[in-house]
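Protein chains: 2
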Amino acid sequence: MTNKKAVVLLSGGLDSATVLAIAKEQGYACYTLSFDYGQRHKSELKAAAKLSKVFGVTAHKTIKLGMGEFGGSALTDDDIDVPIKKVIGIPVTYVPARNTVFLSIALGWAEVLGAKDIFIGVNAVDYSGYPDCRPEFISAFESLANLATKAGVEGSGFKIHTPLINDTKAQIIQKGNALNIDYSATVSCYQATIKGEACGVCESCRLRKQGFEKAKAQDPTRYKS
Amino acid sequence: MTNKKAVVLLSGGLDSATVLAIAKEQGYACYTLSFDYGQRHKSELKAAAKLSKVFGVTAHKTIKLGMGEFGGSALTDDDIDVPIKKVIGIPVTYVPARNTVFLSIALGWAEVLGAKDIFIGVNAVDYSGYPDCRPEFISAFESLANLATKAGVEGSGFKIHTPLINDTKAQIIQKGNALNIDYSATVSCYQATIKGEACGVCESCRLRKQGFEKAKAQDPTRYKS
Numbered sequence: 001m002t003n004k005k006a007v008v009l010l011s012g013g014l015d016s017a018t019v020l021a022i023a024k025e026q027g028y029a030c031y032t033l034s035f036d037y038g039q040r041h042k043s044e045l046k047a048a049a050k051l052s053k054v055f056g057v058t059a060h061k062t063i064k065l066g067m068g069e070f071g072g073s074a075l076t077d078d079d080i081d082v083p084i085k086k087v088i089g090i091p092v093t094y095v096p097a098r099n100t101v102f103l104s105i106a107l108g109w110a111e112v113l114g115a116k117d118i119f120i121g122v123n124a125v126d127y128s129g130y131p132d133c134r135p136e137f138i139s140a141f142e143s144l145a146n147l148a149t150k151a152g153v154e155g156s157g158f159k160i161h162t163p164l165i166n167d168t169k170a171q172i173i174q175k176g177n178a179l180n181i182d183y184s185a186t187v188s189c190y191q192a193t194i195k196g197e198a199c200g201v202c203e204s205c206r207l208r209k210q211g212f213e214k215a216k217a218q219d220p221t222r223y224k225s
Numbered sequence: 226m227t228n229k230k231a232v233v234l235l236s237g238g239l240d241s242a243t244v245l246a247i248a249k250e251q252g253y254a255c256y257t258l259s260f261d262y263g264q265r266h267k268s269e270l271k272a273a274a275k276l277s278k279v280f281g282v283t284a285h286k287t288i289k290l291g292m293g294e295f296g297g298s299a300l301t302d303d304d305i306d307v308p309i310k311k312v313i314g315i316p317v318t319y320v321p322a323r324n325t326v327f328l329s330i331a332l333g334w335a336e337v338l339g340a341k342d343i344f345i346g347v348n349a350v351d352y353s354g355y356p357d358c359r360p361e362f363i364s365a366f367e368s369l370a371n372l373a374t375k376a377g378v379e380g381s382g383f384k385i386h387t388p389l390i391n392d393t394k395a396q397i398i399q400k401g402n403a404l405n406i407d408y409s410a411t412v413s414c415y416q417a418t419i420k421g422e423a424c425g426v427c428e429s430c431r432l433r434k435q436g437f438e439k440a441k442a443q444d445p446t447r448y449k450s
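First to last, the protein sequences are chains V and B.
Position 115 of the first sequence, counting from 1, maps to 115 under the numbering used here, and the rest follow consecutively.
Position 84 of the second sequence, counting from 1, maps to 309 under the numbering used here, and the rest follow consecutively.
If you are wondering where the hints come from, they were derived from the structure by calculation, not from laboratory data.
Don't take every hint at face value.
[As the list claims (entries may be wrong)] Heads up, simulated DSSO-like pairs for lysine-lysine below, C-alpha to C-alpha not over 30 Å straight-line:
#: 1; chain 1: B; residue 1: K441; chain 2: B; residue 2: K278
#: 2; chain 1: B; residue 1: K384; chain 2: V; residue 2: K159
#: 3; chain 1: V; residue 1: K64; chain 2: B; residue 2: K434
#: 4; chain 1: V; residue 1: K150; chain 2: B; residue 2: K441
#: 5; chain 1: B; residue 1: K441; chain 2: B; residue 2: K286
#: 6; chain 1: B; residue 1: K434; chain 2: V; residue 2: K61
#: 7; chain 1: B; residue 1: K289; chain 2: V; residue 2: K159
#: 8; chain 1: V; residue 1: K50; chain 2: B; residue 2: K441
#: 9; chain 1: V; residue 1: K46; chain 2: B; residue 2: K341
#: 10; chain 1: V; residue 1: K214; chain 2: V; residue 2: K195
#: 11; chain 1: V; residue 1: K224; chain 2: V; residue 2: K50
#: 12; chain 1: B; residue 1: K375; chain 2: V; residue 2: K116
#: 13; chain 1: V; residue 1: K195; chain 2: B; residue 2: K289
#: 14; chain 1: B; residue 1: K400; chain 2: V; residue 2: K64
#: 15; chain 1: B; residue 1: K341; chain 2: V; residue 2: K64
#: 16; chain 1: B; residue 1: K230; chain 2: V; residue 2: K64
#: 17; chain 1: B; residue 1: K289; chain 2: V; residue 2: K53
#: 18; chain 1: B; residue 1: K275; chain 2: B; residue 2: K375
#: 19; chain 1: B; residue 1: K434; chain 2: V; residue 2: K150
#: 20; chain 1: B; residue 1: K375; chain 2: V; residue 2: K42
#: 21; chain 1: V; residue 1: K116; chain 2: V; residue 2: K64
#: 22; chain 1: B; residue 1: K441; chain 2: V; residue 2: K64
#: 23; chain 1: V; residue 1: K64; chain 2: B; residue 2: K267
#: 24; chain 1: B; residue 1: K286; chain 2: V; residue 2: K46
#: 25; chain 1: B; residue 1: K230; chain 2: B; residue 2: K278
#: 26; chain 1: B; residue 1: K341; chain 2: B; residue 2: K400
#: 27; chain 1: V; residue 1: K64; chain 2: B; residue 2: K439
[As the list claims (entries may be wrong)] To list a few chain V residues with every Cβ distance to chain B over 12 Å, as calculated:
#: 28; residue: K4
#: 29; residue: I22
#: 30; residue: E25
#: 31; residue: A49
#: 32; residue: V54
#: 33; residue: K61
#: 34; residue: K150
#: 35; residue: N166
#: 36; residue: T193
#: 37; residue: E197
#: 38; residue: C199
#: 39; residue: R206
#: 40; residue: F212
Ideal placement from N, C-alpha and C gives every residue a C-beta, glycine not left out.
Construct all of the structure, not just a fragment, from the sequences and the given hints.
What follows is the structure in structure tokens.
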């Protein structure tokens, strides 16, 4: 067994599933981390657990996080509707400081595990305009990680891996298909049913649909009938 | 009423109580944030709630955070004893990435509230050797905050306030006494009883005790008899 350990942020969506496959391919023993942060689409948590099993990860944890209490996002606040049209600028589905919080907690687990590598499926191309998906954010977080921790200070050096950051959705799908990912097990929809069926009309569904089209790949997404 | 809003990280200990008093003194409407992260000393959460009431904060939230699951610290892992002697280097009471996680969640709340100011009671003098209490960590987090968020990108500029960072424990106590803080309501002990009584022998008790001595102030701490 490999002793290279990596913490992989796994939402249960298409991007993070592809990242997990890439980390496995690179020979890491994977520790997947998911968050129950009050999101509407709980079915993605079921997808994350299923994907963790399929990929034979070393451990999978789902951390409860009471951030939904703050509101302020269509993904956690029932009073804000998920938009169904293309959005200009930063959309209401943006969850304040989400990736900062997720990476921070991943960093804590990595330090306990003695892992130096953290994988995250952020993407700066088809990225819905979220500020915490950009390369400059990731690089600032990496610097922070090495100042913030005992492991960083003692010199082991954390690395944040973003293998999809420059890919289009179509390229991500092509990478994943080359690694034989079963994308029917992933959930991208912002308002998926508990069975994991997609609405087909939200921003996330739209990007995913276009991705399969452009990749000229079969779309296995299960849509609500 | 003031419209300057600040999120104040409030553990219920001596330092964060002093920070809350300082933020109030500076005219902020305060939103206090505490974490139930699996720490041994739950009585500090009761202290945080009590202090929030005493100081008349606008809102107080306690966020549950399943980080205790990771273990790796004497504060969250029952298998690791809290040390009772002076420790050289970074001690086992260090909780991996704790301040990074706390500040990230504070940032999320601040963004939702439209607050630009976050207060944290870190201290680089009597600081127990934690890497995430140093000025270089705070300044890296501030840069990150302005890259990570919609509010940061759109130019409002977050500021992380650390009014105690260069103070000795004695100086902190003197500041607090000048602001009439009732320190008997605060809990510093790493293994306080549920009633908030301190052990008197852990690192945190030792630093606090010395602080009151050096400040020539009466120590109102309730010790276990």
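Q. Among the hints numbered above, which are violated by the structure, and what are their numbers in rising order?
A. Violated: hints 3, 4, 5, 6, 8, 9, 14, 18, 22, 27, 33, 34.
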